[in-house]
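Visitor: Residue numbers (this note's numbering), protein chains in the order written: chain A, 95 to 334; chain B, 18 to 308; chain C, 43 to 369.
Rather than coming from a laboratory, the hints here were simulated on the basis of the structure.
Backbone N, C-alpha and C define an ideal beta-carbon position, used for all residues, glycine too.
Some hints could be false.
To give an idea of the chain B side of the interface with chain C (calculated C-beta under 10 Å), a few residues [claimed, not checked]:
#1 K50
#2 L117
#3 I122
#4 R131
#5 A149
#6 F246
#7 I250
Here's the letter readout for the chains.
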Amino acid sequence: MSILSLKNVTKNFGGLTAVNNVSFDVEEGEILGLIGPNGSGKTTIFNLINHFFPVSSGDIIFKGNNITHKKTHEIAMLGIGRTFQVVKPLKRLSVADNIMAAAFSRESTFEGAKRVTREVLEFTHLDHVAHQKAGGLPIAGRKRLEIAKALATRPTLLLLDETAAGLNPAELDEAIDIIRAIRSDLGITIIIVEHIMKVIMNISDRIHAIAYGTTITEGSPAEVAANPTVIEAYLGSDYH
Amino acid sequence: MEMFLQSLISGLLVGGLYAIIGLGMSLIMGVLKIINLAHGQLMMVAMYVSWSAWNYLGIDPYLSVVLSVPFTFYLAKFLSKYLLNPLIEKDSILPENQVLMTVGIGMVLVELARFLFTSDYRSVQTSYTGQAWDLGGVSISIPLLIAFIVSLLLTAGLFYLLMKTDLGRSIRATAQDRLAASLMGVSAEKITVLTYGIGSALIAAAGTFFLPIFYLYPDVGPEFTAKAFVITILGGLGSTVGAITGGIVLALAETFGATYLSSGYRDAYGLVIFLLVLVFLPGGLKSLTKV
Amino acid sequence: MHNDKFISKSEIGIFIFALVLPFIFDFSPYIQGLLIFVMLWVVLGTSWNLLAGYTGQVSFGHAAFFGIGAYAAGVPFFLFKVSPWWGLLFGGITAVILGYLLGIVVFRLRGPYFALGTLAAAEILRIAFGQEEWLTNGHNGILYITTWVSKYPYYFIILAIAAGTILTVKVVMRRREGYYFLSIREDEDAASAIGINASKYKNISMGLSSFWAGMAGAFYFIYMGFIDPETVFALHNISIISILVGIIGGVGTIWGPAIGAIIMVLLQETFRSAFFGFAPQWVSGMHAFVFGLLVIFVILYLPGGVVGDWDLIKKKLHLKRKSEMKK
Ligand SMILES: Nc1ncnc2c1ncn2[C@@H]1O[C@H](COP(=O)(O)OP(=O)(O)OP(=O)(O)O)[C@@H](O)[C@H]1O
Ligand SMILES: [Mg+2]
Numbered sequence: 095m096s097i098l099s100l101k102n103v104t105k106n107f108g109g110l111t112a113v114n115n116v117s118f119d120v121e122e123g124e125i126l127g128l129i130g131p132n133g134s135g136k137t138t139i140f141n142l143i144n145h146f147f148p149v150s151s152g153d154i155i156f157k158g159n160n161i162t163h164k165k166t167h168e169i170a171m172l173g174i175g176r177t178f179q180v181v182k183p184l185k186r187l188s189v190a191d192n193i194m195a196a197a198f199s200r201e202s203t204f205e206g207a208k209r210v211t212r213e214v215l216e217f218t219h220l221d222h223v224a225h226q227k228a229g230g231l232p233i234a235g236r237k238r239l240e241i242a243k244a245l246a247t248r249p250t251l252l253l254l255d256e257t258a259a260g261l262n263p264a265e266l267d268e269a270i271d272i273i274r275a276i277r278s279d280l281g282i283t284i285i286i287v288e289h290i291m292k293v294i295m296n297i298s299d300r301i302h303a304i305a306y307g308t309t310i311t312e313g314s315p316a317e318v319a320a321n322p323t324v325i326e327a328y329l330g331s332d333y334h
Numbered sequence: 018m019e020m021f022l023q024s025l026i027s028g029l030l031v032g033g034l035y036a037i038i039g040l041g042m043s044l045i046m047g048v049l050k051i052i053n054l055a056h057g058q059l060m061m062v063a064m065y066v067s068w069s070a071w072n073y074l075g076i077d078p079y080l081s082v083v084l085s086v087p088f089t090f091y092l093a094k095f096l097s098k099y100l101l102n103p104l105i106e107k108d109s110i111l112p113e114n115q116v117l118m119t120v121g122i123g124m125v126l127v128e129l130a131r132f133l134f135t136s137d138y139r140s141v142q143t144s145y146t147g148q149a150w151d152l153g154g155v156s157i158s159i160p161l162l163i164a165f166i167v168s169l170l171l172t173a174g175l176f177y178l179l180m181k182t183d184l185g186r187s188i189r190a191t192a193q194d195r196l197a198a199s200l201m202g203v204s205a206e207k208i209t210v211l212t213y214g215i216g217s218a219l220i221a222a223a224g225t226f227f228l229p230i231f232y233l234y235p236d237v238g239p240e241f242t243a244k245a246f247v248i249t250i251l252g253g254l255g256s257t258v259g260a261i262t263g264g265i266v267l268a269l270a271e272t273f274g275a276t277y278l279s280s281g282y283r284d285a286y287g288l289v290i291f292l293l294v295l296v297f298l299p300g301g302l303k304s305l306t307k308v
Numbered sequence: 043m044h045n046d047k048f049i050s051k052s053e054i055g056i057f058i059f060a061l062v063l064p065f066i067f068d069f070s071p072y073i074q075g076l077l078i079f080v081m082l083w084v085v086l087g088t089s090w091n092l093l094a095g096y097t098g099q100v101s102f103g104h105a106a107f108f109g110i111g112a113y114a115a116g117v118p119f120f121l122f123k124v125s126p127w128w129g130l131l132f133g134g135i136t137a138v139i140l141g142y143l144l145g146i147v148v149f150r151l152r153g154p155y156f157a158l159g160t161l162a163a164a165e166i167l168r169i170a171f172g173q174e175e176w177l178t179n180g181h182n183g184i185l186y187i188t189t190w191v192s193k194y195p196y197y198f199i200i201l202a203i204a205a206g207t208i209l210t211v212k213v214v215m216r217r218r219e220g221y222y223f224l225s226i227r228e229d230e231d232a233a234s235a236i237g238i239n240a241s242k243y244k245n246i247s248m249g250l251s252s253f254w255a256g257m258a259g260a261f262y263f264i265y266m267g268f269i270d271p272e273t274v275f276a277l278h279n280i281s282i283i284s285i286l287v288g289i290i291g292g293v294g295t296i297w298g299p300a301i302g303a304i305i306m307v308l309l310q311e312t313f314r315s316a317f318f319g320f321a322p323q324w325v326s327g328m329h330a331f332v333f334g335l336l337v338i339f340v341i342l343y344l345p346g347g348v349v350g351d352w353d354l355i356k357k358k359l360h361l362k363r364k365s366e367m368k369k
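Whole structure, please, built from the sequences with the hints as guidance.
Guide: Below, the structure is given as structure tokens:
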């Protein structure tokens, strides 16, 4: 059964159509890659799924419920977690407290939230910086904190927006391991947006490619990588 | 009918003056992205400068503009350079620390005025004080009319400055996008300081021309600060034309409210409209509520 | 937030000290009055801090809650001769109701517009309470002969209210609500993405904050025996000073506003009394001026306030002492 379906979703910003009639399904337990050149509308799709913006038209179905008009916090409580491409740490709180705040979404007691926080810190390898202020973390840490906060809300679907951007090779490998473990150990379905081909091609089960807000193709990584339109629109410039 | 005309005319004339106060605030809001809660207090400073010139030196308030405006201009530049600008880079828990700084500045100005001039009500007596034209039952106060004309001239002058001069272009560029402007070689810092100065000079001029009409006392400052932000929000943020409409709307609301509803609530009408606009006019507000 | 003990020994010490203070020293009524005012400002500053410092909703209209609390004690007395002491029951509740109604309007606004919205709301109340004479006796105010001549009983009451306010903040900040307040303050969008219903928790914060401000207002009427709209709804003397007390002490810290209150009252009285008679009389007019300068100084150099930047202050003092020793 598909856990999330976008049905003919469109978003206009004034005259600009950032997302144009996009439809796709995400199957339970899979990792779906969402690719497209800069400005093609990937982040906007995430913003529509968790209702940062209202859609202009179309429907978004999560586990059989129409969530198109639900509020952002309700969507989070239904089980969709997300990270922000432009990271949004709670700057003056410690890393641990950032995660605590998110953990309280499922835990009502201090002790319960504390326990979840410990688990998440360990899972995301952030335990050694737990007591640092989130605003002072280097970029790799802040990206990881985005994932940690989302995980602490115990999502069933996780939207990852360029969580690997700006990482060095060692950090990148660590990030890939963590993302894989999120699916394999925690059983969370993932939609991942990533520019780094090494990551997206290795990690995704399927890939949905867009350009100018419009779907170009969808298929296995190998199929998509071989698709001439994709190569032209996107990979062309990257693969040279 | 006469009462209606009288309210309308007084409302429009006072509205012209309010427009100037709003223009200054609007300009500052547009560029500094802050609400200047020392706005009326700077106006009060200018009024005391003019009042002192009249009281101690016998200079007519209409002439002492040449003292009060530069004085306020430089004072404001100093304040923004040394007290407001340094806060831009400072990390503070409350993002409103510049606004809070203007509160501190306003407080110091009011208390200084109280210390120097006491809380007494002051006014200037000139040959034209209290003079009015009688147009068939509707009277037009001469000083108010003069102040109104001056407001129109100042508005026109500001338009010219903003639209036709290099400085104006830099100001508008900075208001639109600080970063982009600084990439284009505009010193955002300088422009900020200058804008605060110009905005304050505008209200300084307004204050001096108010002097023959209104009483002066230290707390006149906070009162006009409240009016200034009401005007600015009513008219739409950062817009010059908006400030004029806002000024006129507020003045009309005050005069008509006082005439036809209850004069005790005079100062509340503007605030009520203000709240309503702030909340229920999302068109003009979108840009503000998501800052 | 950390996990050190919920209430530390020194905090218990402070409370006991405040409790026995009147028994150790034989204060003059003047000093007793000052102590009461310090406590009153502890309540107002701490309550403002919960909403502004911890939740990021910088209210410029805290006088609305203080004033409504005062009139919750005053109006039943004025109309029906109901004892103002009932105000200690009604004051907080009335303020919470007002807070909820105001929230419907002002929580649609963000940042500086929230500030202006709350300011406007409090001003409208001030004007309205001056006009509706049938209800409030207008500008004549409401007068009542206070129950006791001695100030000590009042001191203990306001001490209890202050302790309640601080305890509320301490308890809340260890719970889900506290974490949510801070998240909303830091980034409302990020907060909603982790499942936080921002408007619900802003209302909770406003509710707690307005409750204690309302209690302070009710106490004020019981203690002073007189209120009028210009005093209890004052923009400057209540709303702004609540903010400044918080800023000077340190926004977003438990003890900041309390320290701020002490500094504010001490400074004010030192100047008002012209350094207890040691300085020339004209100095007494300078208290608000000096306080304003202090605010400017703190915003510029101690953005975390005295408590928030305590480490910085210590370091500065330490360095100075060191360099002096070298000389
Ligand atoms: N809030 C907004 N208002 C107006 N236009 C927007 C807004 N958000 C995004 N856009 C526009 O929509 C388009 C898609 O942007 P989006 O951020 O979704 O792209 P993206 O695929 O995530 O790009 P990148 O790979 O650079 O992250 C862009 O042209 C962008 O300028
Ligand atoms: Mg993006």
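Visitor: Does each hint hold? Answer for all of them.
Guide: Cross-check of the supplied hints:
1. Interface restraint check for K50 of chain B: the shortest CB-CB distance to chain C comes to about 9 Å, inside 10 Å, so the restraint holds.
2. Hint status for L117 of chain B relative to chain C: holds, with the closest Cβ pair at about 6 Å, below 10 Å.
3. Taking 10 Å as the C-beta cut-off, the interface hint given for I122 of chain B holds, the closest approach to chain C being about 7 Å.
4. Satisfaction of the interface hint for R131 of chain B is found here, the shortest Cβ-Cβ separation to chain C being roughly 7 Å, below the 10 Å cut-off.
5. Checking A149 of chain B against chain C: minimum C-beta separation of about 29 Å lies over 10 Å; hint violated.
6. Because the beta carbon of F246 of chain B sits about 6 Å from the nearest beta carbon in chain C, less than 10 Å, this interface hint is met.
7. A cut of 10 Å between beta carbons decides the hint on I250 of chain B: the least distance to chain C is about 7 Å, and the hint holds.
Comparing the model with each earlier hint shows a violation of hint 5 alone; every other hint is respected.
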